[in-house]
Amino acid sequence: MAAVTLTNVVKRFGVFEVVHGANIDIADGEFVVFVGPSGCGKSTLLRMIAGLEDISGGDIAIGGKVMNDVEPADRGIAMVFQSYALYPHMTVEQNLSFGLRMNGNPKPDTERRVKRAAEILRIDELMQRRPKQLSGGQRQRVAIGRAIVREPQVFLFDEPLSNLDAELRVQMRVEISRLHKELGVTMIYVTHDQTEAMTLADRIVVLKGGNVEQIGRPLDLYNDPTNRFVAGFIGSPKMNFIKARIVGRDARGVVVELAGEEKTRIVQPLAGAAPEPGSKVVVGVRPEHFGNAGEGDADIAVAIDVVEHLGGTSFLYAKTANGEDVVIQRDAAKVPDTSEIIVSIRKSYLFDEKGLRLR
Amino acid sequence: MRTQNATAYRFLTPYLLVFAVFWIWPIVSSFLISFQATRTVPWRFAPTFNWGRLIGDPAFYNALKNTLLILVIQVPVMISLAIVMAVLLNSPLLKARGLYRFAFFAPVVVGEVAYSAVFRLMFSLDFGIVNKLLESVGLAKIDWFSNVTPAMALIMIAVTWRWAGYNAILILAGLQSIPEDVYEAATLDRVSKLKQFLYITLPLLKPVIVFCAVLSIIGTMQLFTEPFLITERGGPGGGTETLGLLLYRQGFRSLNFGYASAVAYTMAGLAIAITLVQLWLTREPK
Ligand SMILES: Nc1ncnc2c1ncn2[C@@H]1O[C@H](COP(=O)(O)OP(=O)(O)O)[C@@H](O)[C@H]1O
Ligand SMILES: [Mg+2]
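Heads up: the sequence lines are chains A and B, in that order.
When we follow this note's numbering, the leftmost residue of the first sequence carries the number 105, and every step to the right adds one.
When we follow this note's numbering, the leftmost residue of the second sequence carries the number 135, and every step to the right adds one.
For reference, chain A alone in the conformation it holds in the complex (with noise of 0.2 Å):
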């Protein structure tokens, strides 16, 4: 059981720095996701972690032991790749015991933990078989089986399920997330789909440009986001973004007109200091939070140009008056036929002109 800190953690290659200081403190036997656009730094944290990287800077340190000059197989991680990397010349069998075989480990002790992980992910029937011969979702088993057999303290996964068509991607991370019910042990998962991070994590870390944005549970992500980076990365479709400025304070908060909406007046309450009246700042609102004309804080009318109705709901594709694209969740039911419609906004969220958000 292990828990894992990353104190500083700085990752250059030659002069060029791809992780600028990262501090991340992960509980025993907890769900942590690693989150963030392609090329932000998820996969080389990860690969630090696992040994596979050098660290530039800062400690590592899995189950309270510093383990930057620690060689990978010590330091009791076992890793899944996006790529499977299962050794193509070799039978799932073979795949699962290889590293304990190479290791002089027991036979009789080999072949229960292969079999035990066999028998988790229910891949028995595959156990003679060559990875050429199998599916997709069978060869992201056999590779999280290879890291069950070692039982390490803690699992880091990379990218396991973008090779994955979407109905086996949902149906495997369902596995994973009963593996971790199962197992009870630390695990590291890194993806760019802020779905499988929502779904599956205790906590998310969001990553952008080597920095990390924000850490929390995935609810408070979504309710608190710490800046406009985070609050349009988390949750889909993705939040609406639309200019305004500020007009004064009173005494519920400062007050905020939107850009070409001269009449409107939104009021948010905010503990800290407010910005000049005058000053530019974006008011930023989910599409599930768009209401009926009248039932929220303020109201807007916008120009819809595209309906895509999934079923249940439906998505209303707008312009607001000063020609911001927004994105409207509605009931099915309530999809107006008229092309222009008044819809009050809910609730929303300050950010300054730097994306910060005010509060």
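No lab work stands behind these hints, which were simulated from the structure alone.
Some hints here could point you the wrong way.
Derived list of chain B stretches under chain A, where covered just means 3 residues or more per stretch with a C-beta under 8 Å from a C-beta of chain A [as the list claims (entries may be wrong)]:
1. 318-325
2. 329-335
List time: in silico DSS-like cross-link candidates among lysine-lysine, alpha-carbon distance up to 27 Å [what the hints assert, rightly or not]:
3. B:329 / A:211
4. A:211 / B:327
5. B:340 / A:236
6. A:236 / B:329
7. B:329 / A:219
All residues carry an ideal CB built from backbone N, CA and C; glycine is no exception.
Take the given structure of chain A and dock chain B with the ligands to it, following the hints.
Just chain B with the ligands, lined up with the frame of chain A:
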């Protein structure tokens, strides 16, 4: 569909004609000639004339023995060397990789006569750099051209020098097709570099190695240039005469085409047989 095929064949006709005249016909023709007595004109059909002679000909057995000896020693040595060279070429520590790759490949494009001449100079008794080096470390110099064993060794060294780099480049391509993360997975599995090489790299390279071995076997079965030019027509005293040389001597010196054709078919038959055995031994378990 049909007319499309017909059009394709019409485009291929010029090539097929050349192929038929200069490839198919000689193959058929030499097969027929091998059953004819060709020492006197007119040639006459005599099935046992050449084949019967072959079975009892000491010169044939000498050439066969030399060829097979070179085959069983030189091919494994060269392939092993090529694997080592490929692994070194693939090392991330290597600087100026392109230069080495060129250097390893260069012997193949050097003219055969030029390379043979250089080898004769390098291995010459009194002035050759090889003997000078031997003497400088206190060893006796070797008369490479007058004794059979050194002469055979010289042939093998020359052939290896010429073709090891070529095979190394082929094997390098195989090495580079093995994904890096397989080794990373093995590293996490606590498998040492040596065991990674033995249990991952070698098995995954098997198809390429078999391919190189087959090419080398076919090449060695036809070995001609080196014993012809370096050890001067299979010298000393036929000690390095190969099947290729015997064929040349019979066909183009004695103008005995029937016997030369029989030797040629024997060479081809042996190459096919050895290759089949090789493929069977290294077949994919299934
Ligand atoms: N071996 C490497 N050498 C140089 N730059 C690298 C190397 N590996 C990754 N990078 C760079 O580091 C950044 C982060 O990469 P990575 O961790 O793979 O991103 P992610 O997994 O989040 O998509 C990228 O800009 C990438 O180009
Ligand atoms: Mg990645």
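Notebook entry, point to check: Among all the numbered hints in the text so far, which are the ones the structure does not match?
Noted result: Result: no hint breaks.
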